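Protein chains in written order, with the working numbering: chain A, 1 to 175; chain B, 1 to 175; chain C, 1 to 175; chain D, 1 to 175.
Since the list can't tell identical chains apart, any single copy or any two copies may satisfy a pair.
With a Cα cut of at most 25 angstroms, we get these calculated SDA-like pairs of lysine to any residue:
#1 LYS59 - PHE37
#2 LYS62 - ILE47
#3 LYS59 - PRO45
#4 LYS62 - GLU49
#5 LYS62 - GLY48
#6 LYS150 - MET1
#7 LYS173 - GLU135
#8 LYS150 - GLY31
#9 LYS150 - ILE47
#10 LYS62 - LEU12
#11 LYS173 - MET1
#12 LYS150 - GLU28
#13 LYS62 - PRO45
#14 LYS30 - LEU174
#15 LYS150 - GLU135
#16 LYS95 - THR112
#17 LYS95 - GLU141
#18 LYS173 - LEU128
#19 LYS95 - ASN158
#20 LYS30 - SER152
#21 LYS62 - ARG38
#22 LYS95 - ARG159
If you are wondering where the hints come from, they were derived from the structure by calculation, not from laboratory data. Note that the structure is predicted; figures quoted are calculated from it, not measured.
There are 4 protein chains.
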Amino acid sequence: MVVLILTGGYGLEGSCGLVVGDIVSRLEQKGVGYRVFRNDNTILPIIGEPDCWNSDAVKQLKDLASSSSAIILVSPEYHGTMSSTMKLQLDWLSKDELSRKPIGLVSLLGGTSNTSTLNHMRHVCRWLGAICIPEQIAIPEGRTHLEDGKISNPDLSNRLDTLIDSLLEITDKLS
Amino acid sequence: MVVLILTGGYGLEGSCGLVVGDIVSRLEQKGVGYRVFRNDNTILPIIGEPDCWNSDAVKQLKDLASSSSAIILVSPEYHGTMSSTMKLQLDWLSKDELSRKPIGLVSLLGGTSNTSTLNHMRHVCRWLGAICIPEQIAIPEGRTHLEDGKISNPDLSNRLDTLIDSLLEITDKLS
Amino acid sequence: MVVLILTGGYGLEGSCGLVVGDIVSRLEQKGVGYRVFRNDNTILPIIGEPDCWNSDAVKQLKDLASSSSAIILVSPEYHGTMSSTMKLQLDWLSKDELSRKPIGLVSLLGGTSNTSTLNHMRHVCRWLGAICIPEQIAIPEGRTHLEDGKISNPDLSNRLDTLIDSLLEITDKLS
Amino acid sequence: MVVLILTGGYGLEGSCGLVVGDIVSRLEQKGVGYRVFRNDNTILPIIGEPDCWNSDAVKQLKDLASSSSAIILVSPEYHGTMSSTMKLQLDWLSKDELSRKPIGLVSLLGGTSNTSTLNHMRHVCRWLGAICIPEQIAIPEGRTHLEDGKISNPDLSNRLDTLIDSLLEITDKLS
Chain A
1 MVVLILTGGY GLEGSCGLVV GDIVSRLEQK GVGYRVFRND NTILPIIGEP
51 DCWNSDAVKQ LKDLASSSSA IILVSPEYHG TMSSTMKLQL DWLSKDELSR
101 KPIGLVSLLG GTSNTSTLNH MRHVCRWLGA ICIPEQIAIP EGRTHLEDGK
151 ISNPDLSNRL DTLIDSLLEI TDKLS
Chain B
1 MVVLILTGGY GLEGSCGLVV GDIVSRLEQK GVGYRVFRND NTILPIIGEP
51 DCWNSDAVKQ LKDLASSSSA IILVSPEYHG TMSSTMKLQL DWLSKDELSR
101 KPIGLVSLLG GTSNTSTLNH MRHVCRWLGA ICIPEQIAIP EGRTHLEDGK
151 ISNPDLSNRL DTLIDSLLEI TDKLS
Chain C
1 MVVLILTGGY GLEGSCGLVV GDIVSRLEQK GVGYRVFRND NTILPIIGEP
51 DCWNSDAVKQ LKDLASSSSA IILVSPEYHG TMSSTMKLQL DWLSKDELSR
101 KPIGLVSLLG GTSNTSTLNH MRHVCRWLGA ICIPEQIAIP EGRTHLEDGK
151 ISNPDLSNRL DTLIDSLLEI TDKLS
Chain D
1 MVVLILTGGY GLEGSCGLVV GDIVSRLEQK GVGYRVFRND NTILPIIGEP
51 DCWNSDAVKQ LKDLASSSSA IILVSPEYHG TMSSTMKLQL DWLSKDELSR
101 KPIGLVSLLG GTSNTSTLNH MRHVCRWLGA ICIPEQIAIP EGRTHLEDGK
151 ISNPDLSNRL DTLIDSLLEI TDKLS
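Just need the whole structure built from these sequences, with the hints factored in.
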């Protein structure tokens, strides 16, 4: 089983990158394979710009999604929904790669908790024929709950474990 | 396998009732068990009204949901979302009955097609821990596509077959 | 100017009723007229039930909405969206009463803050042609921030003042 | 009065550009000023990429938004919501430019009509303190209703007139 992780942050430096790293650690501990799409190394084109339809970056993203068993999306909430960076990655994917694929959702917010980014990502994934698991996590208040390079808040950390376990179980059952 | 069908129309007389009848016919043809909750015979209390917490009607609804393998929700769209009648049924249910339960969604609209009722029901079901399948149907334009006591539009009819097949398959895999 | 207040709780006994009372106090202090629709005294019929189309209760609700300058909706969040009790009231209203009417939105949640009930009410009001003001309040954590018969949390209380001031200002400008 | 138009298509070549052109014609006929942000000439940075915080392109977008009286957003629907190109423009804006600003919404879909892109843009604009007018238009079925360089479907064309008139009227009243 291989889990693809997409981040709506730029690369892996910021808060989303930290959460991606935490997810990676947990998958490694379970012996589950993973891939991380580096959107700072593999720059996706704007849709419609010259030559965008023959982009190697898009092909790489599509190949990663096709060959993965499940996906975890980690997006910051910008103005009440997923970042344009996350949406750009989803814009380039299609039912060809995502139909019936199990997906787990995580969002990071600067302020108070809210599920609207999760709701909008769930909506897009549904549109693409994917099966989002019911477990989801909104991490509020910026870096408050992210210390020592991982999710330090015990409740959020437990919920991430539950999300990953559920994703792996449902992926296994649906395969 | 037993599929519970909830309708957001009043009883089974109107357009929703007709769609419920069509779903029942298809389940019968497949030899799949089903239950229909008659919200006109079993009147659910308003939440908060005197004695509502000991309601036999609520107990019946909860027992039906608990003992079903999967659920199909059929709601009219009123003012851009599910009817109060559908919401009342969902309000009385909880994670105890719906957690991990596969759900299929159907909406009926008086005018142009739209998914907002489906989106809102999907949101509520997620909140209750259920797993809504990606297939869904919005039946537009009132009775236009409902003739001879069934969904007469071939495309919508095919999509209902696909929805039911997917629901049964996913229910089987997740059980 | 007359502001109509609708509650998604049952009557005025619970947390929503307390918030309605707080809003009433603030309107009185400003010398602004108000009406409160008592959904426990004036029982709206289920849509579709016998004789529902000639209901006096519905007529009363419609008259109240028509004759008001603005509306404030106060709903509990049940399973991620407005209560069926709030939806029933909105189901019985139409563009005839709500087109271009300014609306302010308040939700109450048992747990963590979230805007999904506000989002769904905003969606319905838009559908009905109303103009929801951008200010809105989600009151989290049950009774925690409701003490001494009013909103006791200073930040939430200030935000309610801002919401009411904005509603009155926009109502005045749009009239 | 100056209306800013943002498009979620790439530049002004495609279907969104055609609709932008139609809106421009109507504003010109009314003698209303307008600006169009050319996202193909003024390339916005990805949020977080090196030097993004000092971008001239971002400054130009913010200045345009600040100096406009109202905004019209025209986005394609990609996978059930606004394009990443539209979201990138909204991501770079803030309450500083959009608070209390009246906004009108238009979406273009390849297939069946749906309001989900409009809903999500409305949600983001609310978050930014803007006041979206209730009138909105979803243009379905690709180029079907776009002929001779304008919206050729009479109903959709009339609705665009109504949207523009309402936007100008509400902008005038709220100013």
